[in-house]
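Based on the provided sequences and hints, a complete structural model is requested.
Next come the chains, spelled out residue by residue.
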Amino acid sequence: MKRQLTSLARKMVYLSLFVVSVISCDDLAIDTQGELAAEQFYNSVADIQSGTLGVYSVLSDKLFANSENYCHFWAADDRTAATGSNKTFYLEYDQMTPLDTNPWQTNGWNQLWEIIGAANTFLDNEEKMRGLVQGADEELLDRSLGEVHYLRGLIYFELVRTWGTIPLITSQADVTGQEPLASFEDIYALIIEDLIFAKNNLSPTSVNGIYRANKWMAQALLANVYLTTAGFPLKNEANYALAAAEAKGVMDSGIFALEPSLNGIMGVQANNLSEDGNTEAIIAFPANIGLDGWNAGNYQAESILFGDKWVEIAFYNNFPEGTRKDFTFDISDTGQIFYSMEKFGEQDFGNVNKDINYLRYAELLLIYAEAQIRATGNNSDASALKALNDVRERAGLTAVASATWEDVVWEKAWENAGEWSRWYDIIRTETLDEVNAIRDPYDNNLTPLGNVLTEAFPWCPIPANDVSANPNLQK
Amino acid sequence: MKNKLFKNLIFPIFLCLGSVIYAQTVQGVVTDVSGPIPGANIVIKGTTTGTVTDFDGNYEIAVNTGDVLVISYIGYLTQEIKYTGQATINVLLQEDAALLEEVVVVGYGKTVKKEDLTGAVSVVGSKELEKSPLINVDQALQGRASGVQITQNSGAPGAGLKIRVRGSNSITGSNSPLVVVDGLIDVDINSVNPSDIQSISVLKDASSSAIYGNRAANGVIIITTKKGADGKGIIEFGSYISFSNPSSTIDLLSAAEFIDYANTKNISATTNPIPVFDSQQKINDFIANSVDYQDEVYRTAIAQNYQMSFRGGSEKMNYYVSGNYLDQEGLAINTNFKRYSLRSNINADLTDKLNLSTSLNLIRQEGLNNDPGFGAGLALGAVGFDKTTPIYDVNGNYNRQTLVVGGVQESVLTNPIFTARESNGTSSVNRVQANVSLNYNLLENLDFNVSGGIDYANIAVAYFNPANNDAAQITAGQNTSNSNKTQYAFRLNYDNTFNEKHNLNATAIFEERKNLSTGFNADGRGFYTASTGFDNIGLADTQTIGSGTSERTLRSAIGRATYNYDSRYLVTASIRYDESSVFIKDQGGVFSAFALGWNINNEDFFNSETVSTLRLRGGWGETGNELIGTNDALNLLRNNPWIPNGGATGSTAILPGTRLANPDLTWETTVQTNIGLDLGILNDRFNLTLEYYSKKTEDLLLTRQVPRFTGRVDQVVNAGEVENKGFDINLSGRIVQNENFSWDFSANLSSNKNKVLSLIGDETEVFPGLTVGGSIPAPSIVRVGEPIGVFYGFIYEGVNAADGNAVYAAEQDIIGDANPDFTFGFNNNMSYKGFDLNFFFQGVSGNDVFNRARSLVIGRDGRIPFGTSAELRNTWTTSNTSAPLPSLNATNTQSQSSEFIEDGSFLRLKNISLGYTLRDVNTLNAIGAESLRLYVSAQNLITITNYSGLDPEVSNGGENDRLAGVDIGALPTSKTFTLGLNLKF
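Protein chains in written order, with our numbering: chain A, 1 to 475; chain B, 1 to 985.
No wet-lab data here; the hints were simulated from the structure.
Bear in mind the structure is a predicted one, so any value in this text is a computation, not a measurement.
Think of the CB as a built atom: it goes at the ideal place given N, C-alpha and C, for glycine as much as any other residue.
Please note that the accuracy of each hint is not assured.
To be verified - Every beta carbon over 12 Å from chain B, so not counted as near; a handful from chain A, in silico:
hint, residue
1, Thr-88
2, Met-96
3, Leu-132
4, Ala-257
5, Thr-279
6, Lys-325
7, Asp-330
8, Ser-383
9, Arg-394
10, Gly-396
11, Glu-455
What the hints assert, rightly or not - Derived CB-CB ranges, DEER-like:
hint, chain 1, residue 1, chain 2, residue 2, range
12, B, Asn-805, A, Pro-441, 49 to 57 Å
13, B, Ala-561, A, Glu-39, 39 to 47 Å
14, B, Thr-891, A, Ala-46, 56 to 64 Å
15, A, Ala-82, B, Lys-514, 55 to 63 Å
What the hints assert, rightly or not - SDA-like, lysine to any residue: derived pairs with alpha carbons at most 20 Å apart:
hint, chain 1, residue 1, chain 2, residue 2
16, A, Lys-11, B, Phe-510
17, B, Lys-501, B, Thr-111
18, B, Lys-353, A, Met-12
19, B, Lys-316, B, Asp-447
20, A, Lys-235, A, Phe-18
21, B, Lys-353, A, Phe-18
22, A, Lys-11, B, Ala-508
23, A, Lys-11, B, Tyr-440
24, B, Lys-353, A, Ser-7
25, B, Lys-485, A, Thr-32
26, B, Lys-585, A, Asp-27
27, B, Lys-514, A, Glu-35
28, A, Lys-11, B, Asn-445
29, B, Lys-353, A, Glu-35
30, B, Lys-353, A, Leu-15
31, B, Lys-585, A, Gln-33
32, A, Lys-11, B, Val-450
33, B, Lys-338, B, Ala-460
34, B, Lys-514, A, Glu-430
35, B, Lys-226, B, Phe-510
36, B, Lys-485, A, Gly-34
37, B, Lys-585, A, Thr-32
38, A, Lys-11, B, Asn-355
39, B, Lys-585, A, Ala-37
40, B, Lys-725, B, Ser-751
Below is the structure:
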């Protein structure tokens with residue numbers, strides 16, 4: 001009996017040993033094979049570099065390349081679209097009656113926030129990255145942080161000017177989707193903080209790619225931000241002086257100059273930053289030949305030919321005659337006013353090879369002129385008039401001896417016709433009613449104006465998808 | 001006379017073998033409760049000497065005193081009787097209880113006597129399965145197990161069926177049950193050759209299934225394959241050939257009618273006739289060359305199946321080895337499915353205490369153009385591609401696109417004959433399933449068991465898509481994936497009876513399972529030649545490659561105890577702790593269950609002549625679901641290459657992925673209560689089982705859209721609740737039973753009501769804009785208060801007689817429900833002498849189908865400009881203002897409307913078969929066989945339905961329950977005639 005028991009005991013011990021040797025009680029490993037897990041990234045200098053490029057990638061590839069992503073520009077007086085079913089999403093804005101379900105505009109919103117998410121994710125890992133760089137790599141990290149702050153500032157600037165108050169996400173760590181709307185003050189404070197950081201940390205020339213952020217891009221953008229915050233809705237009028245100072249800083253750098261001829265500003269491949277160069281492009285996004293034409297070409301000739309981006313008649317009629325008017329517009333046999341191929345490029349569907357110019361030196365000069373006039377209250381400020389007259393003279397117009405800030409804003413409308421600034425200038429200067437009042441009866445008849453977008457509330461509706469998931473976004 | 005001849009034939013054999021001289025002979029009759037058993041084996045133990053009984057069950061054998069006769073017959077318990085000089089030994093064989101469904105397999109090595117069962121378990125035995133030729137295992141369950149709804153979504157060859165046990169619990173996750181084959185957990189149900197199956201148990205309620213914890217919420221299907229038995233070796237051969245045709249076709253316009261209709265429509269839209277139909281001469285030519293594409297696409301499809309099996313054994317060891325070959329042509333031309341399989345089940349007693357059992361299953365499946373989506377394209381082409389466009393043009397080249405091009409929109413359909421013949425989509429699956437189990441008897445009542453298993457599959461898919469127009473490019477690619485599932489378990493089992501009345505069984509298990517999948521794909525677009533097919537992707541202008549891997553681990557500790565007192569009071573309890581690697585912080589889940597039963601008929605006070613069984617059961621339990629992607633909870637990054645130099649160089653650009661991380665993600669839990677009643681009368685000649693259940697699934701693993709300002713697109717969360725309530729009824733019995741004639745039947749009826757109780761937060765509705773087959777919108781939505789799988793859209797009110805426009809109600813609303821009110825089956829087996837007749841009806845009622853295919857063929861869904869359906873004869877015109885279809889010029893018609901919602905109820909004669917078992921010994925001896933069964937059968941011979949499409953059962957939504965009952969055109973079920981034979985040696 002005793003023998004039997006020991007034999008059993010021995011068996012039990014062997015079995016237990018066997019079982020215990022196989023069983024483990026650690027937490028089960030989570031599957032990250034073949035995936036880039038965020039926790040395991042931002043661990044090397046190469047990660048810093050590709051993480052920085054990640055923030056650019058949505059911006060340049062998709063966002064500004066396709067006019068469908070910024071339907072709100074159609075609310076301005078420099079654009080209208082052909083009427084027809086596939087243009088309704090532009091026409092909603094053209095007629096001041098946007099819907100919160102507008103799928104194109106929603107796309108734009110979605111992509112802008114992807115960039116914010118990418119930037120925040122990078123910035124969330126600053127400490128971790130700081131721990132692994134030294135020497136020259138420290139400069140790389142500082143510069144990269146500068147680029148990412150610049151990009152976050154740029155995108156928030158787009159968001160706040162387009163949709164008004166929005167959630168302010170500065171870290172992806174605990175995003176829930178239930179964040180409230182932030183105030184204009186807080187949003188602009190972050191933008192200014194980001195751009196000042198960028199200005200201080202970026203190098204004067206782009207590194208590792210000519211389209212990447214440099215000090216002047218950040219400073220020029222900062223000038224525009226100050227100008228904007230001095231107007232509606234924040235109206236921090238003290239910022240006009242700051243805007244003028246920042247613009248002056250860029251002008252004094254001597255890096256940029258107006259192209260002698262309008263033919264040198266954009267529209268052909270030779271004017272790309274990556275080609276013969278362009279003394280006027282401050283912020284430009286690269287052409288991307290690899291992109292499918294439909295997605296990439298809409299900003300340029302394609303959108304014109306498809307009837308996406310036509311010109312309102314009053315805008316054309318009020319446009320000062322001269323070489324710039326001839327350069328900017330084409331008129332078809334049927335009298336339809338098009339933006340010209342000289343300015344926006346020949347059609348190259350499927351082979352997009354021209355830069356997208358976001359901020360030209362001409363605009364910076366006009367930012368300076370307006371800010372300086374407003375800051376000094378002097379319509380004859382010499383440096384402001386010089387900046388304004390440089391632009392006018394290249395356009396084939398005569399120099400003026402005095403100018404109001406309104407004159408400068410209109411000058412910007414002509415100079416930047418069909419580009420990036422007109423709608424935001426109308427909001428900032430509270431001139432929507434004035435602009436709508438002079439709209440041509442032909443356009444009013446074809447696309448009558450509603451009143452969802454008004455001078456007092458010119459903000460696009462936040463997409464329904466987001467509002468329904470987060471009622472805090474209701475305005 | 002027969003006996004004598006029989007003896008005369010057998011005896012010389014014995015004499016040849018005869019090294020032993022027998023002194024005596026013994027004779028007798030082998031019977032079972034219903035009569036003599038012909039073909040039973042009688043062997044003298046320890047020798048190869050033996051005989052078989054004749055047609056009347058008689059035998060005679062020479063013996064020595066002291067010999068032991070071993071009497072065996074398949075399906076019966078083997079008996080041993082010692083010869084002590086008796087002149088006659090008559091033997092009454094008892095049916096093997098396991099086959100009689102008296103014993104129910106409940107998992108983890110345990111079987112329970114039916115009378116001791118406390119949970120809701122449906123059992124389908126091999127006898128049921130043998131009655132109709134089965135391609136796949138899931139077909140075997142259709143209509144035969146209550147509470148189990150099986151839907152054949154596609155008539156594509158080799159296509160699997162959708163299986164739902166007591167409704168759908170999950171909205172975005174999988175609702176497929178867990179399948180366990182001989183202890184190997186989580187295998188593809190169709191990797192088992194149906195002919196190898198001994199029995200199938202479906203664990204429906206939580207008290208039974210909770211022991212499987214993970215995924216058991218969707219029910220557990222336990223398949224037990226055949227084993228060898230002690231006795232003479234048996235060789236069986238079975239084969240059948242079948243001929244299939246589509247169960248129905250769509251009535252289309254004639255070529256002349258189509259031309260007339262298309263011209264009328266085109267003239268009203270553009271004022272011109274269609275160019276190819278603008279003269280009578282052209283029209284006549286087109287009519288003369290018109291093609292019936294339904295006739296061209298479909299064919300009489302032939303399937304052949306061959307099965308050979310060997311089984312037998314000795315006291316210490318038994319074996320079952322089988323091989324199977326299936327070659328099934330698809331209904332559509334150039335589609336095919338083949339399966340080769342080999343199974344070996346071997347059990348051996350290594351010592352008195354140590355038992356080894358092994359099971360090996362090798363299977364290869366080959367498919368040609370048998371993807372259900374591809375089949376759906378052909379089915380749609382067969383009815384939607386106009387019959388006036390001939391297959392070939394005058395030069396003998398394919399007319400790839402329709403010639404009927406007018407000013408309306410273009411057709412998206414390609415000539416189905418071109419697609420069917422020129423596409424080459426192949427798939428092959430090589431699978432190895434093996435498991436081994438060692439059982440060691442530690443103490444008299446205590447066993448220790450260690451088992452391990454592997455299920456390895458290599459899946460290779462290759463496709464070649466020809467250019468379907470001049471502008472299109474050829475695409476081709478190859479895609480290989482490997483799935484490697486491994487598992488091991490330790491089990492300690494204690495089983496004892498105290499004082500003859502206390503029966504206790506307790507089991508403790510530790511188990512770990514790991515699934516590792518890897519995939520690799522290479523795709524090409526733009527080949528200058530079609531001649532290299534998918535065999536040289538390097539020739540493509542654009543080449544892409546990809547690879548991926550995923551791994552999931554599940555670790556579990558399990559305890560189970562059952563106790564009964566005198567088979568009167570029954571208790572079952574189980575608890576399972578699962579850890580899953582797909583969750584981050586909260587990996588563990590505890591799933592417990594208990595059940596009680598009371599065998600009232602075993603009580604002393606119970607005294608009834610008629611009622612032989614009366615049992616009440618009740619159970620409660622929790623089960624889980626963790627079937628999300630292996631990294632759905634994680635914060636992942638993605639690469640979106642950016643070119644900082646304007647095209648000069650590319651650079652890796654890493655940014656966050658589209659899914660928002662959720663480290664708090666954890667188990668989805670289903671809580672189920674079940675109440676059951678079993679009633680048997682007249683010595684269990686008739687049996688009735690009633691079950692009522694109520695299930696609630698909480699913390700659903702839902703994919704929700706997140707606000708995009710988070711920078712992400714979606715997130716997997718635990719939210720929402722779904723409820724399923726219903727009942728299952730089973731009635732079976734022997735209507736007639738006498739010496740020559742017997743008639744058994746079984747009937748089942750199930751009803752399940754599914755309801756979404758809540759969604760994420762205060763949301764009342766999700767998932768608008770679901771699409772099927774690529775981009776066809778389905779009107780399916782998920783809404784609180786409604787079942788999963790309802791249709792939402794316009795309410796069609798008819799045609800405005802004044803202008804021919806459609807009339808719709810002002811508001812859109814719920815317009816249909818794809819869930820049936822009832823599913824039912826009715827199975828009958830009759831036998832008269834050597835003949836047996838089986839007929840089996842199956843059906844569903846009260847479900848709706850969205851017939852989007854009808855919208856296409858009446859030219860309304862925008863994919864083809866000119867409809868083809870014969871229904872168009874009755875279109876509104878100024879001279880036919882009471883027609884049911886709106887005018888061709890109607891501008892307001894909607895596809896997502898109740899006009900296309902139809903009643904999908906059907907009753908189907910799923911199987912009818914007539915067999916004859918040859919028992920004439922002379923003939924059998926002449927062919928050297930022990931028994932021979934010949935049968936003819938027909939599947940889906942009759943379908944009674946009001947559904948106007950090809951088949952009310954098909955659906956393009958596949959496994960997605962939100963898209964149930966959406967018919968955008970799918971291959972129909974086939975009507976099949978089969979001839980077969982089974983031989984036993």
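Exercise for the section: Find the hints from earlier in the document that the structure breaks and name them by number, from lowest to highest. Expected result: As far as the earlier hints go, 12, 20, 29, 34 and 35 are violated by this structure, in ascending order.
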